[in-house]
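Participant: These are the residues of each chain, in order.
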Amino acid sequence: MLAYVARRLIQSALILLGVSFITFLLLYVLPADPVRQIAGRSATAETVESIRRQLGLDQPFLVQYGRYLGNLVQGDFGRSYLQKTEVTDLLLSRLPATLLLMVAAILCELVIGLTLGVIAALNRGKALDNTLMLSSFVTVSAPQFVVALLLLYVFAVRLGWFPIGGYGTPAHLVLPALTLGILGSGWYSRIMRSSMLDVLRADFIRTARAKGLGRARVVLGHALPNAILPVVAMIGIDIGMFMSGIVVVESVFGWPGIGQLAWQAIQRVDIPIIMGVTLVSALAIVIGNLLADLVAPVIDPRIRIR
Amino acid sequence: MTANVSTSPEPADLGGGAPPVWRRLARRRLAVLGLVIIAACVAGAVLAPWVAPHDPNEQHFDGLTIEGAPLPPGAAFWFGTDLLGRDLFSRLLFGARTSLVIGIVANGTALVIGTLVGVTAGYFRGIAGAVLMRFTDLMMAFPALLLAICLAAIFSPSLWIVAMVIAFVNWVQTARVIFTQTSSLAERDFIAAERTLGAGHGRILLRHILPHLVPTLIVWGTLGISTTVLLEAKLSYLGVGVQPPTPSWGNIIFENQTYFQTAPWLVFIPGAAILALALAFNLVGDALRDILDPTQQGRD
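Protein chains in written order, with my numbering: chain R, 1 to 306; chain S, 1 to 300.
Simulated from the structure, these hints should not be mistaken for laboratory data.
Heads up, the beta-carbon is just placed ideally off N, CA and C, and yes, glycines get one too.
Worth double-checking, as some hints may not be accurate.
What the hints assert, rightly or not - Partial list, derived from the structure: chain S residues whose beta carbon lies under 7 Å from chain R: (1) 79; (2) 129; (3) 145; (4) 146; (5) 230; (6) 259; (7) 261; (8) 275; (9) 279.
What the hints assert, rightly or not - Quick look at which bits of chain R chain S covers, simulated, 3 or more residues with Cβ under 8 Å: (10) 17-26; (11) 242-250; (12) 282-289.
To be verified - These stretches of chain R come out as covered by chain S in the derived footprint (C-beta under 8 Å, 3 or more residues): (13) 65-72; (14) 82-93.
With the hints as extra help, turn the sequences into a complete structure.
Facilitator: Now the structure itself:
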């Protein structure tokens, strides 16, 4: 087990190294010149060149990447080109908002998804099951920003229950978390349904029934705890899905997390920030996958570690 | 487990034989619903110049209220008008072209890249195979949307660039699935037998490996269009997708979102169109998976 964990940790570190290299390379070869953005349109050729030299952008690619990596190892993400702030500070100031949204969203997904999955499994083949499974397809197919705007329109514009956007109070959290919760719930409800159906076929459920236990006790006491385990292991993967979608949700709701930070940086070709957000997101994805792989064998000993 | 392990060396029957795939598809109500939606979208896109009641780019003199606000759905303009007084219904019909073209081109490209990578890594293995799969692992850890937004924003986005960007981030899953299948196929006895009989790599790949991958490719090809349509909509919504005046369902929402409080139809009608198309491909793809994937048979 320890050897496996160690191997996976090294693998994860290598993956992050690869992500940093490829992102750096892409931003290097792409036809967008950050120096022009910093210098402004009216800057003379000399000014542009001196800024370029100052930022070290006149150096060959490998030198630039090596320097970036050297700083990164010391926890230094570099300095924003335009905001003149340390990227580490920017990331740290934005991360709490994103993490808060992530926790709230995953809770919403779990509550909605698991409940609907169990209901579907218990009504297998009936109209209710079919309706729930169709609706899980709808949530998987729905564009995030449309659902976000729909919730905003109904609950903020029409009913006025929640603020239209922003950050600060629990009320601000409800709609963004609900958007992500509804959209992610379809995925969980499908997994929960099939996990529940697998468990309901198991011998120990038949034994429990044969002992004369009531339906509620069999379902809640015996089936549910076993069926939930494989789903819990999926939360790790969900972190990755969350991370790759934050830009859109944060921009619709004006949520001041790293997604919005990235979006603003992309528009201004502020490369150190883009690099920073990409790496932080990749780190979250890698940790999520690692958790999913490490947690699964712990909660279900039948899954052997390769 | 999605590994496609068939019990006979015959690839899954796609054409004749009983009962053919399309007939089994026709027995599933949800799949039929999906097919109907897809057919309607394709018909709307292809016939757009003839069935659209107006020119999609014409700014109608009577297309705005006296205050200059867009018109709600009505008799003259079925789905209302947008903030420039253009007919929303006509723009949606022409926008369907964008969605479908990107869906097919981007997803087709992603499928080709994924298959090449997966087959190479799964069949030839060796250093090249290991490198390819490590690269695939690496791409799995990439925040895909962030990467796509970044690429699309930096290139000035046109229809083809958007399609290529989407293909570039979307081939990864196909590569993984195809890799798993190819490597399990490569170890099967009938492949070893072929090799003993003196068949070259080309013959084995084309005649014996690829046909077995076709069902998976059909399933992933269908499900992938749904992902692609949604990704294009997201990029367009952020303003880095297909650029106006070429209508796309995403950029119609992008252009009109500031009006969504007073003219909600400008956001929710195109939104419903995106949802319907993505849902349709998901429904058909899911049904195809049940029908074509032997490991899924008899499962719920």
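Participant: Does each hint fit the structure? Answer for all of them.
Facilitator: Tested hints:
{"no.": "1", "hint": "79", "result": "15 Å, violated"}
{"no.": "2", "hint": "129", "result": "17 Å, violated"}
{"no.": "3", "hint": "145", "result": "5 Å, holds"}
{"no.": "4", "hint": "146", "result": "6 Å, holds"}
{"no.": "5", "hint": "230", "result": "6 Å, holds"}
{"no.": "6", "hint": "259", "result": "11 Å, violated"}
{"no.": "7", "hint": "261", "result": "5 Å, holds"}
{"no.": "8", "hint": "275", "result": "5 Å, holds"}
{"no.": "9", "hint": "279", "result": "4 Å, holds"}
{"no.": "10", "hint": "17-26", "result": "holds (count 5)"}
{"no.": "11", "hint": "242-250", "result": "holds (count 5)"}
{"no.": "12", "hint": "282-289", "result": "holds (count 4)"}
{"no.": "13", "hint": "65-72", "result": "violated (count 0)"}
{"no.": "14", "hint": "82-93", "result": "violated (count 0)"}
Violated hints, in rising order: 1, 2, 6, 13, 14; the structure is consistent with all others.
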